[in-house]
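Protein chains: 2
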Amino acid sequence: MMPRGRPRALGAAALLSLLLLLIGFFLFRGHPEYGRPHGVAALEGDPPADHRGHNSSDCVPPRPLLPKCELLHVAIVCAGHNSSREVVTLVKSMLFYRKNPLHLHLVTDAVARNILETLFHTWMVPAIWVSFYDADELKTQISWIPNKHYSGLYGLMKLVLPGALPPDLARVIVLDTDVTFTSDIAELWALFANFSDKQVIGLVENQSDWYLGNLWRNHRPWPALGRGFNTGVILLWLDRLRQVGWEQMWKLTATRELLTLPATSLADQDIFNAVIKEHPGLVQTLPCVWNVQLSDHTLAERCYLEASDLKVIHWNSPKKLRVKNKHAGSFRNLYLTFLEYDGNLLRRELFGCPSPPPPEAEQLQQALAQLDEEDPCSGFRQQQLSVHRVHITFLPHEPPPPRPNDVTLVAQLSMDRDIDFLPAHSLYDYLRASIEQLELRSGRKVALVVPAFETLHYHFSFPSSKVDLLALLDAGALYTFRYHEWPQGHAPTDYARWREAQAPYHVQWAADYEPYVVVPRDCPRYDPRFVGFGWNKVAHVMELDAQEYELLVLPEAFTIHLPHTPSLDSSRFRFSPTYRDCLQALKDEFHQDLSRHYGAAALKYLTALQQPQGPT
Amino acid sequence: MMPRGRPRALGAAALLSLLLLLIGFFLFRGHPEYGRPHGVAALEGDPPADHRGHNSSDCVPPRPLLPKCELLHVAIVCAGHNSSREVVTLVKSMLFYRKNPLHLHLVTDAVARNILETLFHTWMVPAIWVSFYDADELKTQISWIPNKHYSGLYGLMKLVLPGALPPDLARVIVLDTDVTFTSDIAELWALFANFSDKQVIGLVENQSDWYLGNLWRNHRPWPALGRGFNTGVILLWLDRLRQVGWEQMWKLTATRELLTLPATSLADQDIFNAVIKEHPGLVQTLPCVWNVQLSDHTLAERCYLEASDLKVIHWNSPKKLRVKNKHAGSFRNLYLTFLEYDGNLLRRELFGCPSPPPPEAEQLQQALAQLDEEDPCSGFRQQQLSVHRVHITFLPHEPPPPRPNDVTLVAQLSMDRDIDFLPAHSLYDYLRASIEQLELRSGRKVALVVPAFETLHYHFSFPSSKVDLLALLDAGALYTFRYHEWPQGHAPTDYARWREAQAPYHVQWAADYEPYVVVPRDCPRYDPRFVGFGWNKVAHVMELDAQEYELLVLPEAFTIHLPHTPSLDSSRFRFSPTYRDCLQALKDEFHQDLSRHYGAAALKYLTALQQPQGPT
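Protein sequences, first through last, are from chains B and D. Sequential numbering of the first sequence, starting at 4, is according to the working numbering. Sequential numbering of the second sequence, starting at 4, is according to the working numbering.
There may be inaccurate statements among the hints.
When chains are identical, the list treats them as one kind, so a pair holds in a single copy or across two.
To be verified - Calculated lysine to any residue pairs in the SDA-like style (CA-CA distance at most 20 angstroms, straight line):
#1 LYS254 - LEU264
#2 LYS329 - SER358
#3 LYS254 - GLN387
#4 LYS327 - GLY382
#5 LYS201 - PRO403
#6 LYS448 - ARG305
#7 LYS329 - GLN373
By construction, these hints were calculated from the structure, which means they are not laboratory data. Keep in mind it's a predicted model, so treat the numbers as computed, not measured.
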């Protein structure tokens, strides 16, 4: 435990902001890469791969829409915490149906880049490449445009993509973060083939009467062809746009319209429509199913009732999922499908599209291949090798300014369980003061022990001081942690001495000791062998001791455990002899490693443990 | 609580066998129906629905493969508990991608019919029709064939489908329960169009060398064309099969082959292949992607590496998901996608394919439409209206023979929480004896109270008798239930009297009383208003009292609550004022209903509750 400030109230928020998304094995070969892929562009022109060397009874797979393995490019503007969370549902829906390698071009602010870079790096979906473009650098090109739309400045950035994306990128699909795919994006990409020589932008007609200007009295929308077009889904033929002087074109139109109109109401969409009204030859109208718009007064129904299939749903009301619609339930079910989808299941190969894995994935692959599936502990060993998909700052979070002697709380939780330890109100300030007084910044190797207690009641008035806590302990409302089940786990903390202590005191390591500790950042890490229930803290404290860390108990520090249902792993420990046997095998391996690293000094751990093993 | 025998050991199994699958709202219009749909056949020949009355700027949706809303027919043989569970994953994958109405023809034994009839009836997916055919009636037609395949007699039933399915059914897709769709079944149905006039069966080539007969020395497979065909996915042109005399044809071939071969090794597949060897003109070879076979020595790789797309995965190894394969991880991820998929999300309409809802769905629809979404309690009211998808006997379960004075334990649980009450070992027999002694079979209106206790420890030695229990109570290892948080919930049980009681004793209803009771089947039901945390038992006991049920405490009966994490709903109750306000509104409505039904006699409940409300 390494707590940081305002621990009680901010506990849940701080932890959620560190949320580690669910676990999966890394049993595939591809990888995401940062920056443009090398040698991928050549695949774009490959012929369809339907040469078969089989005998005549072999069947003929249906012909693909596009050359197999053709790389498709997608651009998305994404800024802030909320959009970074929303875009994941879009990406999951897109990856679910896709059969082609994809290159994502993400125009992001610093917050979104930080989140999405970590996410894609750890997600490790095969045959995905991700490039980031700095939204702040593009701001000057559009910040002169007054805009009233809720997407703010970022919506307008779609206008400058032809200049912002790499000059050799010829075509791209541009998506808003609030769309959901219900079909393969390759079918959308294939619509580029329908463009005439002069067409540069593919768009779906706007599915509301907004641009007809009759929604209310004095409603004065920007000019548009008929109902205009919606820019939630765009096919951009970038090199042609550059040739026709797109930048001058839209700036001229926007400047002229802004002489009589006060601001854009719908951000980039108003400007795209004004340009198209002036140059109708630029636009290729896409089938309506590629952007089924669920805005407040949508006319989309006549599209999706007649079509054989929905392709993309666009939640383009500020109400998003709560929008009123006759078929809202069905649309929500499609969205929830991908909101709830376990993204780890997208770690699947594109069969027949080679995508060289990065070196670390290769090593992992080899390690996994060496696992013996008949080994009853192979489940443990696979878990050790698992790579977690990480979504940092899942909820909006501003890191506080750094303070001297700062401490950070590190914890883990699952989506279905509230956190089970609450630290003392004053712990953050007290720890920082203790670090100062004990001069721990000097690099002194010390683990500060925070004594742990437990309550068995769901309703519980948290003690505001050590005096309060001792009163609750004496009244039987609190116990020392795991007093009933496993007292030896915390016995060396010496609770009797702690009651009376006025100053920090040293304690000695003993077998099974597993206190909650505050340690410097550069301390040994947890051993990933012990991923389930049992021995993770024991092994960590043993390693701290082997590295000659002092164990120093703080007289005013405490933390309290709240009741919860036993975890699945703790039940496995109790009921599965295999689980216990495997844990024993892992302990033996850990001891062998200790001996290798620390030599004779590590003997004491083995000696201390030549006793019947308990369930720690 | 209505406990039945062997409660301790069989508790979990019995409950799992009653498993209620997750909850969803019924926000759609279609329905499943039993028996053949009326008026649907006419839709089969409808022209493609791409007539559009829009103005010229309207886009053209892509042309469907089949006429929109064409009804497709699928036949599956399914018997026993395990296949009934497996087939749900197949059905989910098929429904996920389908865009057409489907009619499922299920050939089932009594177990599978019971499970699947309940499942589809409660699932209420729009535009699905289900017909059942009795497998037992078909057995005599195939039981003469010796068979060594693990699918047993049921595998062979695919041979007799042309005779078993309705005579006016012209074409059907036949599926094994161990296939997973990764594409729209309409694409498979569309392959009927490729049949020549003489072709009657569509099959994918077998993706192993089995029928080449060189797998081991003296391996003598049934005759086949080359590698033969796999019958996990079949297109059957039923009316042509009937015309060509299919029944005589396969029986003749099977009889002849069985003169020299001892039995079928691969059930129906051996016989289909032998017939095709003799009449190669009958077969239309389907593209390999429609049956990617992951058997132990599969040759499927050359199919799926070259194809643009997988369509159907067939887990045709007895090892199923544990089969060894270079790409096992990716295939498993596809399977897990549908295993884990929340089937309630499939309650979505086929837009533009009208499918008249049954009367009860219509009523529900109207009730939902009348909900005011701005009402802060609308979440509660939606939950009241929710219809659960029910999978009975999720695990194999043989109902015990009926016994006199029988009692059944009714409970609920979620997938992530172990059950939280354990009844006394002897409770089942004791309850039956008590019912006999108290002559309750006569229709006397009695609710037997089972006193409840609780332990706060995860490790706990269950008392074997009342004497044991009282000793634990005196030692502080047990408490009366909710002693700390809400003693009034069980106070009227009068634990002091229970300690000494030798005979059943009457107790009186009081405000907030919520004992666990054993009641006759015809007692009032729980009120669905109180679906979350709070007041479900209180309301039920109040209604029992209003109907003049005697409350009789049994002196030797007891049940013990084990610790668990507070549920999400109990946290909502504690932390959300809206939740508490809504619960209060529902209580008020309940009291109004009580007054309406029971008149002045119900006044006492209102009077008793004119006190500050607690968290029951």
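Hints versus structure:
Proximity of LYS254 to LEU264 under the C-alpha cut-off of 20 angstroms is restricted to the intra-copy arrangement: shortest distance 15 angstroms within a copy versus 82 angstroms between copies. Taking the shortest Cα distances, LYS329 and SER358 sit within 20 angstroms of each other only across copies (16 angstroms), while inside one copy they are farther apart (44 angstroms). Taking identical chains as interchangeable, the C-alpha atoms of LYS254 and GLN387 are never at most 20 angstroms apart, the minima being 55 angstroms within one chain and 56 angstroms between chains. In this assembly of identical chains, the alpha carbons of LYS327 and GLY382 lie at most 20 angstroms apart only when taken from different copies (16 angstroms versus 47 angstroms within one copy).
In this assembly of identical chains, LYS201 and PRO403 lie within 20 angstroms of each other by CA distance neither inside one copy nor across copies; the values are 53 angstroms within and 77 angstroms between. In the homo-oligomer, the alpha carbons of LYS448 and ARG305 never lie at most 20 angstroms apart, since the shortest distance is 71 angstroms inside one protomer and 58 angstroms across protomers. Proximity of LYS329 and GLN373 under a CA criterion of 20 angstroms is satisfied inter-copy only: 13 angstroms between copies versus 54 angstroms inside one chain copy.
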